[in-house]
Each structure stands twice: as C-alpha cells, then as structure tokens.
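Asks: Each chain, letter by letter, is given below.
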Amino acid sequence: MAFQQERVDTSPKISDEVKKTTCYMCACRCGIRVHLKDGEVRYIEGNPDHPVNKGVLCGKGSSGIMQHLSPARLTNPLKRIGERGSGDYEEISWDEALETATRWMGDIRKDDPRKLAFFTGRDQSQSLTAFWATKFGTLNHAAHGGFCSVNMAAAGLYTIGGSFWEFGEPDWENTRYFMMFGVAEDHDSNPIKTGLGQIKGRENTKFVSINPVRTGYSAIADEWVGIRPGTDGLFVMALIHELIKAQKVDLDFLVRYTNAPWLVREDPGHAEHGLFLRDENGNPLAWDRDSDGPVNALLPEISPALGGLFTLPDGSKARPSFEIMANRYLEPQYSANEVEDRTGVPADTIRRLAAELAHAAFEQEIELDIEWTDWAGRKHDKMIGRPVAMHAMRGISAHSNGFHTCRAIHVLQMLLGSIDCPGGFRYKPPFPRPCPPGPKPVGKPEHIKANEAMPGPPLGFTTGPEDLLVDAEGNPCRIDKGFSWEHPVSSHGLMHMVIHNAWAADPYPVDTLFLYMANMAWNSSMNTKGTMEMLTDIDEESGEYKIPHIIYSDAYASEMTYYADLILPDTSYLERWDCISLLDRPISTAHGPADSIRHPIVDPGRNVRPFQDVLIDLGARLGLPGFTKDDGTALYPGGYSDYIVNHERLPGIGPLAGWRGEDGESFGRGAVNPKQLEQYIENGGFWQHHLPESQQYYKHANKDYLEFAEHMGFIPKAEQVIMQLYSEPMQKFKLAAEGHGDVQPPENLRERIRNYFDPLPIWYQPIEESMVDLEEYPIHAITQRPMAMYHSWGAQNAWLRQIHGYNRLCMSRDLAREIGVGDDDWVYVESHNGRIKCQVRTMSGVERNTVWTWNAIGKRRGSWNLDKDAAEGEKGFLLNHLISELLPEETGGRRMSNSDPVTGQAAWFDLRVKISKAEAGAGQSEPQFEPLHRVPGEMDRPKDVRFGEEFLPKGSWRRKQS
Amino acid sequence: MHPAYSVIIFTSSSGAGYGLLIWLALARLTGAWNLSPVVAVGACLVALALVTAGLLSSTFHLGHPERAWRAMTQWRSSWLSREGVVAVLTYPAALVFTVGWFWGSISESQMTAAAAITLVLSLITVYCTSMIYASLKTIPRWSNGFVSPLYLVFALASGGLLFAVTLGVAGLADLTTIILLFFVVSIAWIVKWYYWRFIDSAKAESDTGTATGLGHLGTVTQLEAPHTSENYLLKEMGYQVAQKHAVVLRRYCLVMGMFLPLFLLLAAGMASGISHVICLLLAMICGFLGIIMERWLFFAEAKHVVTLFYGRSV
Amino acid sequence: MTMLPKSTKKKLGLVTDLDICVGCHACAVNCKEWNTGGHSAPLTDLDAYAKDPNGVWFNRVHVYETDDGQNSRTVNFPRSCLHCEQPDCVTVCPTGASYKREEDGIVLVDAEKCIGCKLCSWACAYGAREYDETDGIMKKCTLCIDRIYNENLEESERQPACVITCPTRARHFGDLGDPESDISKLVEKRGGFQLMPETGYEPVNRYLPPRPRKTRVGDTGAMARLEAAEDSKPSSDFFSWLDKKLSR
Ligand SMILES: Nc1nc2c(c(=O)[nH]1)N[C@H]1C(S)=C(S)[C@@H](COP(=O)(O)OP(=O)(O)OC[C@H]3O[C@@H](n4cnc5c(=O)[nH]c(N)nc54)[C@H](O)[C@@H]3O)O[C@H]1N2
Ligand SMILES: Nc1nc2c(c(=O)[nH]1)N[C@H]1C(S)=C(S)[C@@H](COP(=O)(O)OP(=O)(O)OC[C@H]3O[C@@H](n4cnc5c(=O)[nH]c(N)nc54)[C@H](O)[C@@H]3O)O[C@H]1N2
Ligand code: SF4
Ligand code: SF4
Ligand code: SF4
Ligand code: SF4
Ligand code: SF4
Ligand SMILES: [Mo]
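Residue numbers (the numbering used here), protein chains in the order written: chain A, 72 to 1033; chain B, -3 to 310; chain C, 67 to 314.
Worth flagging that the hints you see were computed from the coordinates, not collected in a lab. There could be a bad hint or two in this list.
Below 27 Å or equal to it, Euclidean Cα-Cα: the simulated DSSO-like pairs (lysine-lysine) are [claimed, not checked]:
hint, chain 1, residue 1, chain 2, residue 2
1, A, K1014, C, K117
2, C, K310, A, K388
3, A, K939, C, K117
4, C, K311, A, K774
Some chain B residues flagged as far from chain A (calculated, every beta-carbon gap over 10 Å) [stated by the list, open to error]:
hint, residue
5, P(-1)
6, W29
7, Y87
8, S139
9, E201
10, H223
11, V237
12, M289
Heads up, incomplete: computed chain A residues facing chain B, CB under 10 Å, no partners named [what the hints assert, rightly or not]:
hint, residue
13, T286
14, I609
15, S613
16, G614
17, Y616
18, P619
19, R872
20, Q873
21, N878
22, C881
23, K908
24, M914
25, G916
26, I928
27, R932
All values reported here derive from a predicted model rather than from experimental measurement. For each residue, glycine too, the CB sits at the ideal point set by N, CA and C.
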C-alpha cells in the first residue's frame, strides 16, 4: 500500500485570548502571558517585554497550570472542631470566619494589642501587611526575612546602602570577573540564569563559584571553590589581606564614595572610642592634606588622608578608618596560609584568586564614554568601570556569622572600587539608600496603647542602643525578641522564634497567632517536630492551648493548615489582584525602577477570597485607622484593587508608581489615577522607567539620579550615599557592652555583644559549631534549593513532583567509604537536636566533610492531598528536624536562639551532624508522623491527569474525559 | 528488556506451531512417516491453533488491536510487518495442506506443493520473528548472529517434540525418529549455550561516556536521573534481572528444556505402549516449559543502550 | 514514510550547549506544558498524585559527573529526540505511523496510524519515545511542529517551546542541513558532537561540549600571586603609598 504522509496542522489556533500578568510560582516575579482557550488556561509563557525575565520561563513557572489545578486547593473557610493537628474541621461561611477573627482580634486590641502576633511568609504584600499591623497597634509583626536572608539585607543596607538578595545585580553585560558566594538558585531565578548564560558566552569573562557543593550554577562555573561551610569570612579576609599587602586598592573610590577617610577617635576606654569625630553640625571629619587640619569629610575637593594618627585642636587623637581596617586585615592571621586549613581552600588558590581579582579590576578597567554629574555637581566625561562583580546569598546569610561575612564581601567590593560602576555590582532602584536607611523600629512600651495604632511600622533600622525595643530592664519588647540585646540589628524580625517564644510565654504570652503563607508546621520551622508539639501543647491550669488561637491563610492543604483553628482559604496567583510595589520588594532592575501587578485571569469557582481583600475587610471590621473612614465605614470597600489604586503612603506616593496623576500622565509622584490598573494591564501588567544613560551608574553619587530618587521618594534628600567601610552603629553597641552610655545590655548579654559587635567585619566560628563536640558531630549538613521546586508548595504539582518526588543525602565517596555506606543505603543522621533516617547518594562535587540535600522535598504523609504512600512522605525527608531553633545549653542553662547574634538571621547552615549506617531493609524515612487526612472541601484527586486533551479538535478520539 | 508475557507466548507458541507444521510438511514430502489423515489433520489443527494463539496474544497486547491490519503495510522496511504478512500468507497454504490430507479433490501434486509452500513460509515466518529482535542495534544481546538460528532451531525443537507426541499417539515414534529429535533438541540448546557464552563475553561498544559524548572528560556517572519517579523507558527498557539469578534460571532452563526432554525421549525409546506415549508427552511439556523460561531470559537478559543514559552499562 | 526519505529538504534540529546548561528543567517542563495541549495532546500523567507518578515527557534533564578526582566536573544534560537522519525508529515501524518528514526531517508519529506495538521505542537508542498507555499510542518530541510554522505566532516566537523558555539560552533551533545557518556555524565553532554515533542513526541534533575550566595560572592573564609591596608591614608608618594625593 502506498505510504501517505500525515497532514499535520502546523498552524493551530493556540488560544482565544492572551492575558499578561505576573508569575507567582516563586518570588522572582517574572512577567507571564497566559493563554486562555475556552475559558481554560492552555499555556503560560514568559513575557518577552518584561524587565525581569525577558521572555524566558523557569521550570516552576512552566508548571503553573498544575498549581492552578491542584487537588490540594482549599475551597472553603474552615473552623477547627477536633483536636489541633487532627485535621477535623467544619466548613463555615466567610461571614462566620471573619466575625470569629474580628472577635478574637477585637478583644486583643481592646486589651493589649501586643497579644496579636501577625507573621507572614512568602508574602509579597509586605507593605500592606506591615501597614495593617501598625494600624492594629501590635509590634509583633514581621515577614519571612528573619529566617530567610536578613543577613544579606542588613549587611548590605548598613554598608553600601543596597544589598545582594534581589536588591542588586551584577553588571552582566560588562563584567569580566564574576564571583558568586553560596548561591544555588536565589530569588532572581531567571535573571541570574540569563546572566550566567551571557557571561559564559564571553571568552574573556571568568565565573567563579564559592560553594561546598558543585551543582547547578556551580556546575558551569569556570572555577569551583569547594569551601568549608561557615568559613567564607576568613576566605574573603584573606583576599583582602593579599590586596592590601600588594596595595591593589582603589584609593580614589574609597576617598570619594566611602567613609575610609573619616577620622575615628582613638582613645581606648573613652565613651567615644572608635566613633567618628564630628564637627558641631554633626558632620564627620577627615584630615585634609592641603590645609593640614580637620575638615568636614562630606565636602568635595578636599584631599583627605587615609593614614596617620592625627591630633585634633581639642587634643583628641584619631585615625582614618581605612588605616584601622588595613591594619586589621594585614595581621598574619588573615594570610592565605593561615586560613587554608579552616576554609579548605589551598593558599595558592586564594593568592591566585586575589591576583585575578586585582587583574580584572585594575588591568582590565573599562571606560564608557558617558557623561555624568557627580553629587557635588562636577561633570565627568566618562564612566570608569572595574569589571569585577559579586553576588552572594544564603550560603553566606544562613550562618550565625553571616552578617559580618557579608560585610566582608562588601568591603572587598569597595577596595576593588567595583560598586555600581560599569562591570561591577549594581544597585536596583529604590536602592541605594542612606546606610543605614531610616526609619527606626517602632514598638517601645510607650508606643503600644489599647485601641490605638502604633506611631510607625514595627520594623526598621537601629543605629545604636537607644533605638532598641527593650524595656527599662533591657528585656525584649517583641515576642520574637527582635531589636533586643539578643539581636540588636534584626531588621526583619525573627519569624523562626515566634512559635517557640509564644509557646514558652517568653517574654510574654500571646493570644492569637495570625499567620499568612508560611508552612511553619513543616519546612519553614527549625526543629519541626518540636514546633508541632508546641502548637498542640496544652497549658495545665487553663486547659487551653498554650497558643490559644491560630488563624492561618493558605491556598493549599499544607502541613500548617492542620494546626489552625481558623483557616482563611486564599486564591491562586491567577485568581487575584496583587501588587509588587516599590514600597515593598520591587522588581526593578539596575536599568531602572519597575513595579507590577497580578490581576484575576480566571474565576476561582471555589468559596475562597484573596487574603489581601480579607485583611482589608478585617481592618474595616476592626475599625482600624487607615482602613476606615471617619464615619467608621470601610475605606477600601473595593478590596485590594481599591487599596492599590487609592492608598497613599505619602502625598502622591502609593503602592504603584506607574501612571499616576488624574489621567496617568506622571509616574512616581502624582495624584490617584482611577484608571491606573487598566493602564498597567494594557502595558502587560508592569511599569518600568528606563534611567537615562547618565544615571545608569554611580547611583550613590550621581547628582541626576539622586535628585530623581528624591523625587520618587526613594531617599529623603538628594545627598550622596556614603558607603560604610567602618560601621559606627556596630561600635556603638560594642561601647554600650563595654559600659558606656545610658542604655546598656543586661549583664548576661554584655560579653555576647562585646564579642559579636565590631565596626569592621570579623570572623568567628559558627556558634552551634563552637558549642557542640566536633569530635562527635564532625560533619556539616546543608540544603540547597532545587531549581524545579519551590519550597513545600511544588509537591502538589503533578509535573514537578515527578522531578523531585524524594530527596537523598548527598556526600563525597570518601566520606561514604569512611561511614561504610554506598548509594541508596539508609543512614541515621544525628544532631544535638534529633535524629533522622534517610538514603544516601554519593558524588564527587562536594566538600569532603559536608553533606547536603534538596530543601523541603520531604512531606508529611497525607498532606497536600497526596496519597499516604507518596514518595514525598515515604522516602523524602527534612533536615529541619535536626536544626534547633535554640543553641545547646550554656553553662547556667540558658539557651539562646540559633541565629546570627547581630541580625537574628536563622542559622540553618551551622548544623553539625554525625552519620551512621542504618540497619538494612529499613524502607522508610524518619521521623514519621500520623498521616494527615483530607480537610473538608478538598477535592478528590484524579488518578491520572490528562490535562490538554480538551484542546484537541472536537471529535478527536483522544478526547476521553472531556 | 521487560519480559512481557504477550511476547513470550507469541514467540514460543507460534514458534512451536510453525515448527510442527514444518515437521508435518516434511513427513508429507519425504513420506518417512505415513501418518493417517485423522492424526495428520489433528496435528495440523494443533499447529494452526498454536500459531493463531501466538499471533493473537501479540495482537491483543497492542495499544490498538483494531488497527492491527496496518501492520501489514510496511513490509518493505519493517521485519514486524514482514512477519505479519508472511504469517498471514502461510495460512492458506497451511489450510490447503491440512484439508488435503482427506479431501480427495486436492490432487497429490497440489498437496505436495502446499506442503512445500507451508514448509518454506513457516521457516520464513520464524525467521522474520527472529529478525524483529535481531535487527535492533540498540540491544547488543539481540543484534547478533545467534538470534535467528536460535529461533529456527527452537521452533524445530518445540515443534519436533509435539510431532513426536503425534507420532507416539499413532504408534509411529520409532527409535530413528527419537534419535533425530534427540539431536534437534540438543543442537537447539547447544546453540543457546553458545549464545549465553557470547553475551557473557561480548564487551560493550557503548557506555555512558559514548552515549553522552562526555567520555573524554573521564568516567561518566549519573548524579541525578531526570525524575525521581520511574518512567516508561525504565519500566520497558530498563528491566534488569540480577546476573546471579540469571545464572540459576539458565540452569533450570537447561534441566527443564534439555536434560529432562532428552532423558524422557530416551525413556520413550525404550518404553512401549502407554508409558511410551506418556514419556513423549512429558518430554514435550518439559521442553515447552524450558523454552518459555528461555524466552523469559531472552528478554530479561537483554540490555538496552538507553539505560546508558541512566548510568547503567550494557 | 517508514522507508526513510532519500533526503530531506531541511534538517531541522536542536543544539544544546552543555557549557551553559544549569540543569533547571525549564525546557523539560515547558515542553510538557506546551505539548500536553498541542499536536500530541495529552502528555498523560499516570497516578499523578500517588506513590509512583509516571508521565509522558518529551524532554528529560540528567545530571552527570565526570571523573572522581581533581578535574571532576558536573554536567547537566537535557535529552530529547535527536531527529536522526537514519533512525531505525522509523524503519522498524510496521504501520507507517512512525515517519520522517521529507520537507524538514522531523520525525513524527501519526496518532491515527499507530497501533502501539512499542517497537520504535525499542529501536530508539536515545530514549526519545514515550508510550501513552491511556491513548495506546507512541508519542515523542515533535520539534514543536505546531509552533515553528505557526502563523498565529509572531515570527520571533516560531521556535520550540524548550528553546524559547531556556533561561540561560543554552538551546538553539535551526536547519543543521544548511552549513550557512547560524546554528551550523555555532556547531562548527564549538565542535558540536552527536550522541552515540556508533548507532549509525546520524542524529541531527548536536551538543556543544563543556569548555575547559579556567583554573590554571594565567587563564585570565593574571599572575600566580600579587607582589607584596615592600613597605607593607602592619604599622601606622607603612602607609607611605597613602601619601599619594587623593581628592574627593
Ligand atoms: N532546612 C532548611 N529549611 C529552610 C530553608 C533552608 O534553606 N533549609 N530555607 C528557609 C527560607 S529562606 C525560607 S524563605 C522558608 C520558606 O518557607 P515558607 O515561607 O514556609 O515557604 P513555603 O514552603 O513555600 O510555604 C509557603 C506556604 O504558602 C502557601 N501558599 C502558596 N501559595 C499561596 C497563596 O497564593 N496564598 C496563600 N495564602 N498561601 C499560599 C503554601 O501552600 C505554603 O503552605 O523556608 C526556610 N526553611
Ligand atoms: N527554585 C527555587 N527558587 C527559590 C526558592 C526555592 O525554594 N526554589 N526559594 C527562594 C528563597 S525563599 C530564597 S531565600 C532564595 C535562596 O536562594 P539561595 O541563596 O540560592 O539559597 P540555597 O538554595 O539555600 O543556596 C545556598 C547555597 O549556599 C551553599 N552554601 C551552604 N553553606 C555555604 C557556605 O558556608 N559558604 C558558601 N560559599 N556556600 C554555602 C549551598 O551549597 C547552596 O548552594 O531562593 C529563592 N528561590
Ligand atoms: S523564576 Fe520561575 S517561578 Fe519564579 S517567577 Fe520567574 S518564572 Fe515564575
Ligand atoms: S532550560 Fe536550558 S538551562 Fe535549563 S535545563 Fe534546559 S537547557 Fe539547561
Ligand atoms: S532520537 Fe530516537 S526517536 Fe528520535 S529520531 Fe533518533 S531514533 Fe528516532
Ligand atoms: S508503536 Fe506506533 S509508531 Fe511505534 S512502531 Fe509501533 S506502530 Fe509504529
Ligand atoms: S522541540 Fe518541542 S517537543 Fe521537542 S523537546 Fe523541545 S519543546 Fe519538547
Ligand atoms: Mo527565603
């Protein structure tokens, strides 16, 4: 029979309609085009015009449809009727749900607003949630930053006025040398990948990855440095040592843009020892060579000294901070040879890398013929670039020494003169901001009043002891002990301590724990097993739960939902309004500020409501200022979209910067524009302003940019942002600990403050490591983000769970041999906090004494509407059971939080473990818990998924279910 | 490779059927055994039944049996297609050959022709079946010179054992016949034994290094498979029987498929009357079981190069 | 047809850059997303929420390690149909369902002809054929035939889903039959190679090898170490180099 080649329809109609919105399969917030066919989502692709992803879409984003159709979606408000954790709920109406919440919180507000602890996880509306907490009057609010990466944020904002995380980015186009510390994925998921692709394509550019594990990004690095966890600080200081010794330092940059020349008082024992000398107007002083005397260090045209001991008219002695720094890092303890053993990086490698950095920065200097005007109004005809870019994330931040280590990296960048210059690290507007930026945290005893709002937002930046939120005895005011002497610079709070402290009524009990978008009963808690017990623990006397009320908003049947007394079911990201605001965590790029929205693409078809609508509604029901009119009626009856358009933080400045003014003629500042959202939608769901060439670099000292930033409300005044090589706030805390000033730490914390606070970056052994017996716990255990899974919430995703259905404990073959195990063998992993059982995979690309696994793959059996015998529960596991929220007992029995003593950042990666072979034949990971059962309203899960057949031509035999 | 029962039945049952047809045709052509029409027709029907059973089992394991006819169309390139075509062509010849035993209106010469055609087509069909496997470059343990001879001799052996039963029933299983079969069965297993030696010694042309083209960077090991969950490829192509099990199973094969039948043949040679027939019957049954095991191993021991991407070796 | 075309007018295919691929699975998932509603819809997922989910995917990403010592490397490795020039997956097909297009060399399965005998998947050396139990037919990478010619898409978007979505731009699409095409030049320049050439299937797709590492002295033009300046001993008087007049 003659062969007939099939007639293929090569131009099928893809969709009836394409809607442009913002992805939320992770926090990167890429632009997406959603194709709708017969009212159903057919295909989600990257939006080529979008500043963040420029058309690409990652694996998570590409699986959005399966998230949207997940059988784990909640469908109704739920009220607990059984024991907490039992999953026994009954469906209730929204009215009942909101009335209940209003009653609980109303009573609290009348009595003591602090008794409401409102904490949020993957929250992308932090400016709303923080505003709400402020108006409610509770200081006990924070988003997830404390357990995420506050070390990066704080170190950056206190040092260079910007930060890594997603607040800055390498100059991908121009850099010649890119050094990346401890990044597996990061929030800038797609931009980093695109950037790496770009620089890998350039023969003349080198990409170095500092990471104990060689996977993902590190796999394509031109050089992988398999460092020992927690030792990057030493490594960086050794690089600094080499550079200073060779005098390969950009002195002009330091003098112009940093506080290197500022004079530091040298008078040990004096109350102001180590602080900057200032003139009567509070300006810092430098020593001017021309006049051979002190001058206002902020003036242009002076020629300040960077070295020397100077005596001032009043007799006080002082040195430029640069010299203090140089002397510090020239000490032999920071030489390559000295740090070699601790870091596991050969001294020769360190020296070579230092040489390569200097070579890239100083021999490969780039010049762009772009005119610009500096802060002092002086014109320059070109922009000089030192093409060394750096980026760092949780590998640095998730250690208890992360703040100082991150500061050390910034110092290194400053010495190389590679901040916001062509080829270097670049700020994303609204950054840079003064370092540290205002405002101060609010929540001192006098700020908290029944039935009243707080005078300002609970989170902020402390600049010295007087800014701490402590009572007269120096005890913490916040439930998470943020901004207390335990963690004076905890700019993002300590979400990981909330449940423990509320349970322990330390410093005081709370009545209601109000959580949003955080799986605190599982992967986002340290000591998960313990946390579950605290959530269900009952108080002997009262017979009540130690945490009396828990309200939780989730969109899916996560582990945490099972511990809520009241569940407020949210929509999916394709079903609601959202606002990615410059007041929050914007999507700007170095090329200019940007913000974006999400808008309802499809109808939920379930009895769920967007959390932001609910929050605004609750605000109105509670009669909170800012959410009610004077007549007591709702200020934003239209819900979140109403708020997004009409709310103003400052006159003319609202959640969205684009299309402001009556008819959208202006941006940044401008009257409310009723058509604003339509205009966003027309533009693809985002707004972006392209900075003119002349404002692209040196934003910290670029007159035109600074004026623009002031106009936009990014910074209070168009003044130069001076980078803080030497950090005075740190010294102020140290001085207090040494007995100076009116506000001093309680005795039992003096030494801690003295040890961990220093105006210059220091390195100390990660605290857990320094407390446990390293003979007994010789191994480092860390996690990595899998690129194709977002924390816990990808497990319900029919596509992604095929890729990461369970995780393994990966270790070097050497270590495996030593333990006597091989691939697939089961092992016990023990820390001072507990024991887990899991399966091994051997590899070569990992530091000899480090083991790692993918984060958040293990699930509690029965959760997320998965089969009870799903691999996620049977074989998957969490390291979190081993990671304690508390450090081991000190002599005297005290147990401090397992966090960075400066910022309170959760020290996930300080974990030390021992590993032993588990008996053979054991086929299940441990610990295991009672399998959860479905909550009411959760749909039946289909056996097979045949998504897509409905898009076949009508009448096709392949259309079976539809 | 996954040892699916459908293919095991298909190859062994149809093999035996065609084998028996071949022996019957030989009987007719050589006249060495003068079978009574009743016995001959009975045997022919048994042969056709086995062939049909085999073809049906392979058809019903298709995703779309109703489309099976399409499998006839690509004989120019596909051995599976060829097998289908020849199998179908064999039917008319075999039917004529069958009815010819008693239906007068089929002349002697026509009957001879039918026998000859049946014999040739049966051989070709078995050969085509063998080539379905032997032509797969992706499975070194199949794409070699042993596979076609194996299929042929095993067809003759299994068919032969059936033929022996037939003769036994008719009281025609004389010593020469039994000795002849003794050799056929022995040869089949000797070939198989050499096949086993071959696959055990043959060293792989491909490894994960050549599969991925990364060999020049050193030995290539898989750190992570694409998915933690199994997939069609691994279930179908990744099936593995542990070498130590294989060795044991091979022994069972030899005992069941070779030693027992041979012993029983000899026993039959000595015995007479009903015990003679019973021995032949048992020989046939053991032979069949042996061959089914052999087929199971044929698949289970076959390694597919796609597994190289999953860090295995072939 | 299952007799392979003597020659094809074009040799459309993919090139994957192993030097850049970070193994993010975007190509695999986006492929799944596009194709499950496309020409071969659906890409069924069996037991989607159960113990052993098992789905049809046209593109799968492996991670390999090479060597175990000092120069060990990690290589991420996406695998999909290579649209071979002489593939047995086509010739073994008894029905003609499996065929190679004369116009562009794309290897496809005709869903209306396939009887689901699985033989083509046995014949494929590269694991590119995926059997859909619920439909009883074989499915495979279509090279996004419903995208690359699709007039409903902008010119620039007439590319395979996996190529468009790749965040690192490690994937390229084009005519490997035309030596003048960008993609052919790329292969030329980077020494692109075929997988398992010993099959004789002559894959059209090519892979670009990982580039050598830059871990040796001089790789960037820098010296082995920096020369310590002789006046650099830690003491306040050493900073003579700081006497260089600096201006703010
Ligand atoms: N061992 C270890 N543990 C870690 C980390 C680690 O590296 N190692 N990383 C830590 C870090 S940095 C972080 S940020 C945390 C993250 O941990 P979490 O903040 O808990 O993040 P998820 O696990 O994604 O949980 C978010 C919750 O939000 C729900 N959700 C998803 N979409 C929506 C929605 O649209 N609306 C609502 N209301 N809810 C939704 C999900 O169902 C899930 O229950 O994990 C921390 N835990
Ligand atoms: N796909 C995906 N993307 C995500 C997330 C997700 O869950 N999935 N989560 C988002 C969130 S909340 C966050 S906070 C970001 C975090 O993004 P990342 O900062 O990439 O967080 P991790 O994946 O924990 O990566 C930590 C890396 O540091 C390495 N590391 C550990 N200890 C050290 C050390 O001491 N020194 C050095 N140099 N390296 C070390 C680890 O090996 C790992 O590669 O990712 C965001 N993006
Ligand atoms: S990185 Fe991926 S998941 Fe995150 S927003 Fe972008 S596309 Fe969505
Ligand atoms: S999308 Fe690109 S980078 Fe990611 S796995 Fe595929 S080819 Fe590699
Ligand atoms: S890769 Fe496999 S399926 Fe694709 S053409 Fe080659 S042989 Fe055929
Ligand atoms: S499964 Fe379909 S395409 Fe593959 S060989 Fe059989 S009939 Fe041809
Ligand atoms: S070309 Fe299309 S079908 Fe083939 S792998 Fe890429 S996306 Fe999938
Ligand atoms: Mo995070």
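Asks: Now tell me if each hint is right for this structure.
Replies: Evaluation of the provided hints:
no.	hint	result
1	A/K1014 x C/K117	holds (11 Å)
2	C/K310 x A/K388	holds (23 Å)
3	A/K939 x C/K117	holds (8 Å)
4	C/K311 x A/K774	holds (25 Å)
5	P(-1)	holds (24 Å)
6	W29	holds (42 Å)
7	Y87	holds (20 Å)
8	S139	holds (26 Å)
9	E201	holds (26 Å)
10	H223	violated (5 Å)
11	V237	holds (18 Å)
12	M289	holds (29 Å)
13	T286	holds (8 Å)
14	I609	violated (39 Å)
15	S613	violated (46 Å)
16	G614	violated (45 Å)
17	Y616	violated (37 Å)
18	P619	violated (41 Å)
19	R872	holds (8 Å)
20	Q873	holds (5 Å)
21	N878	holds (8 Å)
22	C881	holds (8 Å)
23	K908	violated (18 Å)
24	M914	holds (5 Å)
25	G916	holds (8 Å)
26	I928	holds (9 Å)
27	R932	violated (17 Å)
When held up to the earlier numbered hints, the structure conflicts with 10, 14, 15, 16, 17, 18, 23 and 27 and fits the remainder.
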